[in-house]
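First to last, the protein sequences are chains A and B.
Whatever position you read off the first sequence (first residue = 1), add 5 for my numbering.
Whatever position you read off the second sequence (first residue = 1), add 4 for my numbering.
It is possible that some hints are incorrect.
Over the 12 Å line for every Cβ pair with chain B, so calculated as not near, a few chain A residues [stated by the list, open to error]:
#: 1; residue: 8
#: 2; residue: 21
#: 3; residue: 22
#: 4; residue: 75
#: 5; residue: 104
#: 6; residue: 111
#: 7; residue: 116
#: 8; residue: 118
#: 9; residue: 128
#: 10; residue: 135
#: 11; residue: 140
Straight-line distance between alpha carbons at most 27 Å, and here's what the computed DSSO-like set of lysine-lysine pairs gives [to be verified]:
#: 12; chain 1: B; residue 1: 150; chain 2: B; residue 2: 140
#: 13; chain 1: B; residue 1: 150; chain 2: A; residue 2: 135
#: 14; chain 1: B; residue 1: 140; chain 2: B; residue 2: 68
#: 15; chain 1: B; residue 1: 140; chain 2: A; residue 2: 178
#: 16; chain 1: B; residue 1: 150; chain 2: A; residue 2: 178
#: 17; chain 1: B; residue 1: 140; chain 2: A; residue 2: 135
#: 18; chain 1: A; residue 1: 8; chain 2: B; residue 2: 68
#: 19; chain 1: A; residue 1: 94; chain 2: A; residue 2: 135
#: 20; chain 1: A; residue 1: 178; chain 2: A; residue 2: 94
#: 21; chain 1: B; residue 1: 68; chain 2: B; residue 2: 150
#: 22; chain 1: A; residue 1: 135; chain 2: A; residue 2: 178
Derived from the structure by calculation, the hints contain no laboratory data.
The beta carbon of each residue, even a glycine, is placed where N, CA and C say it ideally should be.
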Amino acid sequence: MSKFEDNLWAELQQEHGQTLLRNMTRRQSRRTKRWIVAAAAVTVLGTGALAASAYFGGAPPAYAVVDNPDGSVTLTIRELERFDEATAKLRERGVPAIAVGLRQDCVETGRSLDVPVAAVDFEFTKEASKITITPGRIPVDATVVLATANEGDHWIVTGGVYARDQLPGCLPKRVR
Amino acid sequence: MAAFERIYRNNVGAITRYFARRCVEPQLVADLTADTFVRAITSFPTFDSSRGTAASWLYGIARKAFAAHSEQSARGAELVRRVGGRRELGRDELAELEARIDAEQRGRLLLERLRTLPEIEREAIELVHLDGLAPKEAAEALGVPKGAMRSRLYRAMARLRDDVEVHADEQV
């Protein structure tokens with residue numbers, strides 16, 4: 006970050022921090038209700054990128070799990086083909102999460118739970134998908150269910166929190 | 005707060021460059037960048053990442069901020085400074101923004117060359133070819149149907165080629 010960018014951020018926080026906090030709360034309460042239907046498009050990494058990671062050392066890994074200082078865990082996935090494998094890494098860290106299929110013909114059988122949206126946060130860029138889960142905000146008897154589908158030139162990633170004794174076998178893909 | 009800070013840090017450089025292509029005054033580039041993020045804070049509850057990326061959302065806001073500034077300038081009015089009591093830039097920041105404005109010189113020249121194109125096509129080329137947005141993101145930023153973006157880009161590039169050819173013929 007440059008000095009200008011740092012100073013501007015400090016200024017925005019000082020002058021508009023209260024508005025931002027208020028708006029974030031409003032946004033989160035809106036998103037809590039519809040999180041399960043939220044889906045985001047992620048650009049597929051081209052074959053060039055895959056080849057680069059195969060030939061050059063030091064290229065970013067296909068996925069990575071990082072523990073954050075606030076207790077949350079961030080899963081960064083660059084190759085969504087390996088989503089199941091990446092989700093298994095979350096379980097290894099003690100995060101209750103599973104990956105299921107995302108299909109249009111899926112009849113959802115699980116029991117979804119309302120949890121604060123801050124429990125699971127998605128961030129998508131051209132390079133990677135990031136899913137940050139705060140285990141402390143997931144109910145004890147619940148599991149985070151994540152699902153992906155390849156849409157040709159992009160991926161859909163979605164998910165929800167479900168009662169552990171009534172997990173879905175798949176999630177329905179909404180036509181956008 | 006962390007979610008918005010992430011959006012800010014990932015995009016502030018690109019938004020500053022967007023304005024550095026349009027203005028040669030560092031203070032104005034700083035004010036327009038600040039204005040964009042103040043507008044973003046105000047409208048953050050409406051941002052839906054399932055409908056578009058943060059980058060396309062911010063570029064859409066930046067366009068509006070610049071349009072409002074241009075309108076006010078045309079009326080001879082001062083830029084409305086949304087950041088309360090905005091301080092003047094320090095010497096380091098001025099130098100930093102001057103360097104960015106210099107770095108965008110080629111982008112400014114390209115925008116100048118694109119002046120013959122309809123505004124929406126000009127902006128589509130800028131967002132895709134200068135800012136590196138995907139055509140879909142550019143469509144979101146410009147508020148046009150995604151399906152129409154590729155044909156707009158194709159048409160704009162064809163017109164540009166025609167213009168270059170005519171210009172070359174005139175020079176022969």
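Status of the hints after comparison with the structure:
1. 8: 5 Å, violated
2. 21: Violated, because the least Cβ-Cβ distance between residue 21/A and chain B comes to about 5 Å, which does not exceed 12 Å.
3. 22: With a cut-off of 12 Å, residue 22/A comes too close to chain B, as the shortest Cβ separation is near 7 Å.
4. 75: 8 Å, violated
5. 104: 19 Å, holds
6. 111: At about 18 Å from chain B, residue 111/A clears the 12 Å cut-off, so the statement holds.
7. 116: 23 Å, holds
8. 118: Non-interface label on residue 118/A holds, nearest chain B Cβ at 20 Å vs cutoff 12 Å.
9. 128: 7 Å, violated
10. 135: Its Cβ does come within 12 Å of chain B, the nearest being 9 Å, so this is violated.
11. 140: Consistent with the label, residue 140/A stays out of reach of chain B, its closest Cβ about 17 Å off (over 12 Å).
12. 150/B to 140/B: 6 Å, holds
13. 150/B to 135/A: Measuring from Cα to Cα gives roughly 25 Å; hence the hint holds.
14. 140/B to 68/B: 19 Å, holds
15. 140/B to 178/A: Judged against 27 Å, a Cα distance of about 21 Å means the pair holds.
16. 150/B to 178/A: 20 Å, holds
17. 140/B to 135/A: The hint holds at about 20 Å.
18. 8/A to 68/B: 26 Å, holds
19. 94/A to 135/A: 14 Å, holds
20. 178/A to 94/A: 25 Å, holds
21. 68/B to 150/B: 19 Å, holds
22. 135/A to 178/A: The given pair, whose Cα atoms are some 20 Å apart, holds under the 27 Å limit.
In this structure, the hints that do not hold are numbers 1, 2, 3, 4, 9 and 10, in rising order.
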